[in-house]
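Just so you know, the protein sequences line up as chains R and H, in that order. Once you know that position 162 of the first sequence is 162 in my numbering, the rest is easy, because the numbers rise by one and skip nothing. Once you know that position 57 of the second sequence is 57 in my numbering, the rest is easy, because the numbers rise by one and skip nothing.
Keep in mind that the hints were calculated from the coordinates and are not lab data. From a predicted model like this one, the values you see are computed outputs, not experimental measurements. Hints are not guaranteed to be accurate.
The calculated BS3-like cross-link candidates involving lysine-lysine, where the alpha carbons are at most 27 Å apart (straight line), are [unchecked claim]: (1) 133/R x 159/R; (2) 231/H x 52/H; (3) 173/H x 159/R; (4) 3/R x 79/R; (5) 133/R x 52/H; (6) 173/H x 47/H.
So these bits of chain R aren't anywhere near chain H, every CB distance computed over 10 Å [stated by the list, open to error]: (7) 27; (8) 43; (9) 66; (10) 73; (11) 93; (12) 98; (13) 108; (14) 111; (15) 113; (16) 116; (17) 130; (18) 139; (19) 148; (20) 163; (21) 164; (22) 173.
Covered stretches of chain R, going by a simulated chain H footprint (3 or more residues, C-beta under 8 Å) [to be verified]: (23) 79 to 92; (24) 140 to 147.
Just so it is clear, CB atoms sit at the ideal spot from N, CA and C, and this is done for glycine as well.
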Amino acid sequence: MDKPKLRVATTSLAGCFGCHMSLLDIDEHLFELVGRVAFDRSPLTDIKHCGPCDIGLIEGGVCNSENVHVLREFRRNCKTLVAVGACAITGGLPAQRNHLDLGACLQQVYRFRDDIEDAAVPDDPELPLLLDKVYPVHEVVRIDYFIPGCPPSGEAIWKFLGDLIAGRTPRLGHALLRFD
Amino acid sequence: MTKQFLFDGQPVEFEDGQTILEAARAAGHYIPHLCWHPDFPPHGSCKLCIVKAGGRHVSSCALPAREGMEVESNTPEMNAERRALLQMLFVEGNHFCPSCEKSGNCQLQALAYELEMATARFNHFFPDRPVDASHPDVLLDFNRCIFCELCVRASRDVDGKSVFALTDRGIHKHLVVNAESGRLGDTDFSVDDRAANICPVGVILRKRVGFALPIGSRKYDGAAISVVAMKEGE
Ligand code: SF4
Ligand code: SF4
Ligand code: FES
């Protein structure tokens, strides 16, 4: 009998979807992957909320209140939670605003511009509130594993998932461990 | 008769005055290090070269070898301590490797790979450290300084210029430039100085050559720092 499929959820918080592109970049291994896992909440399925899962993959750091809710939802539901990529692990590019004052940043981007009349900082209640800083995900919830890289190569993601799915302790080793 | 000590269970010969690190290297054993450089006296600040000798943690770059010593270096315990030191260095500064010109050629990054550090684990400080682009040929990006004082030593002891210094203590420690304005452009610093070519990380950067080497051809892309350092005598 076939083994039951593992459930996998993925999300992009303050990320650029580059890590998801890298996941797709595992090429023909994708067939193998979908043979062994079923996707829960993910940009690939458009399921809106995460149910109980074996593995959760988080791309991107935590820059606003919605990111915090999604990350906590993943932590509550995923047995193994994995931070994927530089932004999830260090805050990455979005965190380059961390040494600036958030208010001043918003004014600079939205208000002080001549090309828009009545320029103002967007304040629609639908918009999630920005946090004072962009946080690496491990500073908000407990994270079980980290796959560095900007983005991690498809090969690194596949090696990691292959290990995890087979029940081995995932290990990238020197060749696949990269911060850029 | 030559004197010996045990390094990870293997006999290593040494001459009087040689440090543990020097003798181990001469015998072909790599010990991770950041503030140590073969051309300069030991500095003993980064503690990456930590080993256990006679049950005590010591800096192998600074401690002279002694007859019959039993030294543990490449052990899970010592490597875990080194990894924790690296993690502290990463969160203390701003190390956004994807946008760093030193990436691939950086000793801090290469040691993180060597010791399989996939996360900085601690909370990041995200300090505010403005860069200094005032010099025509050299950029200073203080965000990545690990306070090894190699530039300080090289500028003072080799170039005879004393362009750099570390100031303040503890968490407030930082690198300063010896000019009334505090700017590198107002010193006699030159891109050919030894100090311009010694930073193990991405602080002192030559302008107009960044990212010239493609990923794959950089210093630590192909081989681990433990291999490169022994081959190049670094
Ligand atoms: S100095 Fe080294 S560790 Fe720091 S950002 Fe640059 S490459 Fe990364
Ligand atoms: S600038 Fe570079 S060489 Fe100088 S103290 Fe900082 S890390 Fe060391
Ligand atoms: S290399 Fe020995 S303390 Fe830095």
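A quick look at each hint next to the structure:
Proximity of residue 133/R to residue 159/R is assessed by CA-CA distance (about 32 Å); at most 27 Å being required, the pair is judged violated. The hinted pair formed by residue 231/H and residue 52/H meets the criterion: a straight-line CA distance of about 25 Å does not exceed 27 Å. About 41 Å separates the Cα atoms of residue 173/H and residue 159/R, which puts this hinted pair outside 27 Å; it is violated. Note on residue 3/R and residue 79/R: the hinted pairing holds, with a Cα-Cα distance of about 18 Å set against a maximum of 27 Å.
The hinted pair formed by residue 133/R and residue 52/H fails the criterion: a straight-line CA distance of about 40 Å is larger than 27 Å. A threshold of 27 Å between alpha carbons decides the hint, and for residue 173/H with residue 47/H the separation of about 17 Å falls inside it, so the pair holds. Distance check on residue 27/R: its Cβ is at least 19 Å (rounded) from any Cβ of chain H, clearing the 10 Å threshold; non-interface status holds. With a closest Cβ-Cβ approach of about 22 Å to chain H, residue 43/R is found to remain outside the 10 Å limit, as its non-interface label requires.
The Cβ of residue 66/R lies farther than 10 Å from every Cβ of chain H, with a closest approach of about 21 Å, so its non-interface assignment holds. No beta-carbon of chain H comes within 10 Å of the beta-carbon of residue 73/R; the shortest separation is about 22 Å. For residue 93/R, the shortest C-beta to C-beta distance to chain H comes to about 7 Å, within the 10 Å cut-off, and the non-interface label is violated. For residue 98/R, the requirement that its beta carbon stay farther than 10 Å from each beta carbon of chain H is not met, with the minimum near 4 Å.
The claim that residue 108/R lies off the interface holds: its Cβ sits roughly 16 Å from the closest Cβ of chain H, which is beyond the 10 Å cut-off. Taking the minimum C-beta to C-beta distance to chain H, about 23 Å, the non-interface status of residue 111/R holds against the 10 Å cut. Its beta-carbon lying about 24 Å from the closest one in chain H, residue 113/R satisfies the requirement of being farther than 10 Å from that chain. Non-interface call for residue 116/R relative to chain H: holds, since the shortest CB-CB distance, roughly 29 Å, exceeds 10 Å.
The beta carbon of residue 130/R is kept farther than 10 Å from every beta carbon of chain H, the shortest such distance being approximately 15 Å. At roughly 5 Å, the least C-beta separation between residue 139/R and chain H is not larger than 10 Å, which violates its mark as non-interface. A Cβ of chain H approaches the Cβ of residue 148/R within 10 Å, the least distance being about 6 Å, so the stated non-interface status is violated. In this structure residue 163/R is separated from chain H by more than 10 Å, as the shortest Cβ-Cβ distance comes to about 13 Å.
With 10 Å as the threshold on Cβ separation, the claim that residue 164/R sits away from chain H holds: the shortest Cβ distance comes to roughly 14 Å. The claim that residue 173/R lies off the interface is violated: its Cβ sits roughly 8 Å from the closest Cβ of chain H, which falls inside the 10 Å cut-off. Under a criterion of three residues with beta carbons nearer than 8 Å to beta carbons of chain H, the stated coverage of the stretch 79 to 92 of chain R is upheld, 6 such residues being counted. Counting residues of the stretch 140 to 147 of chain R whose C-beta lies closer than 8 Å to any C-beta of chain H gives 4; at least three are required, and the coverage claim holds.
The structure is inconsistent with the numbered hints 1, 3, 5, 11, 12, 18, 19 and 22, although it conforms to all the rest.
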